[in-house]
Amino acid sequence: MNEEFVDLRRGHLNSESFWPAFTDIMMVVVIIFLLTSMLLMVKNWELLDQLRNSMAAEEQAEKIIHDTSEENATLEEQLAQAQNEISMLRMQLLQSSEQANQMNVALEDKEQQIIIVLSENSQLKNAAENNEDKIASLSSKISSIENNLSQLNIDVEQKQKALDDKRQKIIIITQERDTQSRKLSALEDDFGSLKVKYDKLIKPARTAKGKYVVSVNFERINGKERIRFKDSGDENYTVVTEKQLHSKLARIKKKHPKKLYIKIVIPKESGLTYSEAWTFMKSLLHKYDYYYHE
Numbered sequence: 001m002n003e004e005f006v007d008l009r010r011g012h013l014n015s016e017s018f019w020p021a022f023t024d025i026m027m028v029v030v031i032i033f034l035l036t037s038m039l040l041m042v043k044n045w046e047l048l049d050q051l052r053n054s055m056a057a058e059e060q061a062e063k064i065i066h067d068t069s070e071e072n073a074t075l076e077e078q079l080a081q082a083q084n085e086i087s088m089l090r091m092q093l094l095q096s097s098e099q100a101n102q103m104n105v106a107l108e109d110k111e112q113q114i115i116i117v118l119s120e121n122s123q124l125k126n127a128a129e130n131n132e133d134k135i136a137s138l139s140s141k142i143s144s145i146e147n148n149l150s151q152l153n154i155d156v157e158q159k160q161k162a163l164d165d166k167r168q169k170i171i172i173i174t175q176e177r178d179t180q181s182r183k184l185s186a187l188e189d190d191f192g193s194l195k196v197k198y199d200k201l202i203k204p205a206r207t208a209k210g211k212y213v214v215s216v217n218f219e220r221i222n223g224k225e226r227i228r229f230k231d232s233g234d235e236n237y238t239v240v241t242e243k244q245l246h247s248k249l250a251r252i253k254k255k256h257p258k259k260l261y262i263k264i265v266i267p268k269e270s271g272l273t274y275s276e277a278w279t280f281m282k283s284l285l286h287k288y289d290y291y292y293h294e
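Take the sequence shown: its position 243, counted from the start at 1, is 243 in the working numbering, and no numbers get skipped.
It should be emphasised that the hints constitute simulated quantities derived from the structure, not laboratory data.
Predicted model, so just to flag it, every value in this text is computed and none were measured.
Just so you know, even glycine gets a beta-carbon here, dropped at the ideal spot from N, CA and C.
One or more of the hints may lead you astray.
Pairs of lysine-lysine residues, derived as BS3-like cross-links and limited to a Cα-Cα distance of at most 30 Å, are as follows [to be verified]:
#1 K230 to K183
#2 K134 to K166
#3 K248 to K211
#4 K183 to K161
#5 K253 to K287
#6 K161 to K209
#7 K166 to K211
#8 K255 to K211
#9 K282 to K183
#10 K259 to K282
#11 K243 to K254
#12 K248 to K258
#13 K282 to K243
#14 K166 to K183
#15 K209 to K166
#16 K211 to K263
#17 K183 to K224
#18 K263 to K253
#19 K287 to K243
#20 K211 to K183
Simulated DEER-style distance windows between Cβ atoms [unchecked claim]:
#21 R220 to E176: 36 to 42 Å
#22 I135 to A106: 35 to 41 Å
#23 H286 to T238: 19 to 25 Å
#24 E146 to E111: 45 to 51 Å
#25 Q83 to N53: 42 to 48 Å
#26 N44 to D24: 28 to 34 Å
#27 D49 to P20: 39 to 45 Å
#28 D165 to E225: 58 to 64 Å
#29 H286 to I221: 23 to 29 Å
#30 R90 to A127: 30 to 36 Å
#31 M55 to F33: 27 to 33 Å
#32 E129 to Q92: 50 to 56 Å
Generate the whole structure from the sequences, applying the supplied hints.
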């Protein structure tokens, strides 16, 4: 048997020996492929198991780390809480110490005040004893004053009664005086009326003859007063204000002191009351007209 490899070249093979040899080769290749695939599959299964184990280990490690972190956080919080409570206790201790110091100071002040109060109490007792003596003396004086006051009240009542009598007499005298005053006033009015009548009898009548005559027209139109003035020799009236009217009349009176005759015209439908018309007329005549200055 020849143990060397078969020469597969075409020249060395015949049709009878080629296919069995090819089949053996292919079988070997298939077997190798199958063995290789099986090895790879086994290797992959091993790698997959390792990967799963590794992931499980990682998850376990993460869980352990997480638990450890939570435990650490809890411990840190507990530590912080404990430190905070310690700080609060220290603050309370300091506050208690300060309050104790303040209470000691206040106690000392109270003791000092008690000493002062005891001293003042002793002084007050002495003063009270002195005041009792003074009160006794004042009571005696008050009794004397009350007696004097009673006598004064009696005197005041008597004087008040006398004063009331005098007031009554004064009221009666005042009433009599008022009656006499009214009678005197009536007599004065009668005398005035008689004097006016007498003056009218002996005094010549007011006349424009030989006088410097000016005309003044006074009326109210639409609720507004209107004054018009016409000088001697003028044909028409001129509207003036009250101030301008007085200025013109004063100037004319200065030129003609004993001859100024003022003719005051109040229209029939003047819109004025009797009091307004009479007051206006009287004020002008008594101030500027010749008749009232003779």
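Point to revise | Satisfaction of hint between K183 and K211, Cα-Cα up to 30 Å | key: Violated, at roughly 43 Å.
**Study point:** Holds or violated: K248 to K258, with C-alpha atoms at most 30 Å apart
**Key:** Distance of about 16 Å is within 30 Å: holds.
Exercise for review: With respect to the beta-carbon atoms only, verify the hint that Q83 and N53 lie 42 to 48 Å apart.
Suggested key: holds, 44 Å
Check your understanding: Okay, D165 versus E225 on CB: inside 58 to 64 Å?
Key -> holds, 60 Å
Practice item. Mind checking the alpha carbons of K211 and K263 for me, to see if they're no more than 30 Å apart? Key: Holds, because 11 Å separates the two Cα atoms, which is no more than 30 Å.
Practice item. With respect to the beta-carbon atoms only, verify the hint that R90 and A127 lie 30 to 36 Å apart. Key: violated, 54 Å
Point to revise | Hint check for D24 and N44 - Cβ pair distance inside 28 to 34 Å | key: Holds: the Cβ-Cβ distance is about 30 Å, inside 28 to 34 Å.
Check your understanding: Holds or violated: 50 to 56 Å for the Cβ distance of E129 and Q92?
Key -> Taking Cβ atoms as reference, E129 and Q92 lie about 54 Å apart, which means the hint holds.
Point to revise | Outcome for the supplied range 45 to 51 Å, where the beta carbon pair is E146 and E111 | key: Holds - the Cβ-Cβ distance for E146 and E111, about 49 Å, lies within 45 to 51 Å.
Check your understanding: Is K134 close enough to K166, meaning Cα to Cα at most 30 Å?
Key -> violated, 45 Å
Practice item. Take a quick look at whether K166 and K211 sit within 30 Å of each other, Cα to Cα. Key: Violated. K166 to K211 sits at ~64 Å, over the 30 Å cutoff.
**Study point:** Pair hint outcome, K248 versus K211 [Cα-Cα no greater than 30 Å]
**Key:** Satisfied, since the Cα-Cα distance of roughly 17 Å is no more than 30 Å.
Against the hints set out earlier in the document, violations occur for numbers 1, 2, 4, 6, 7, 15, 17, 20, 21, 30.
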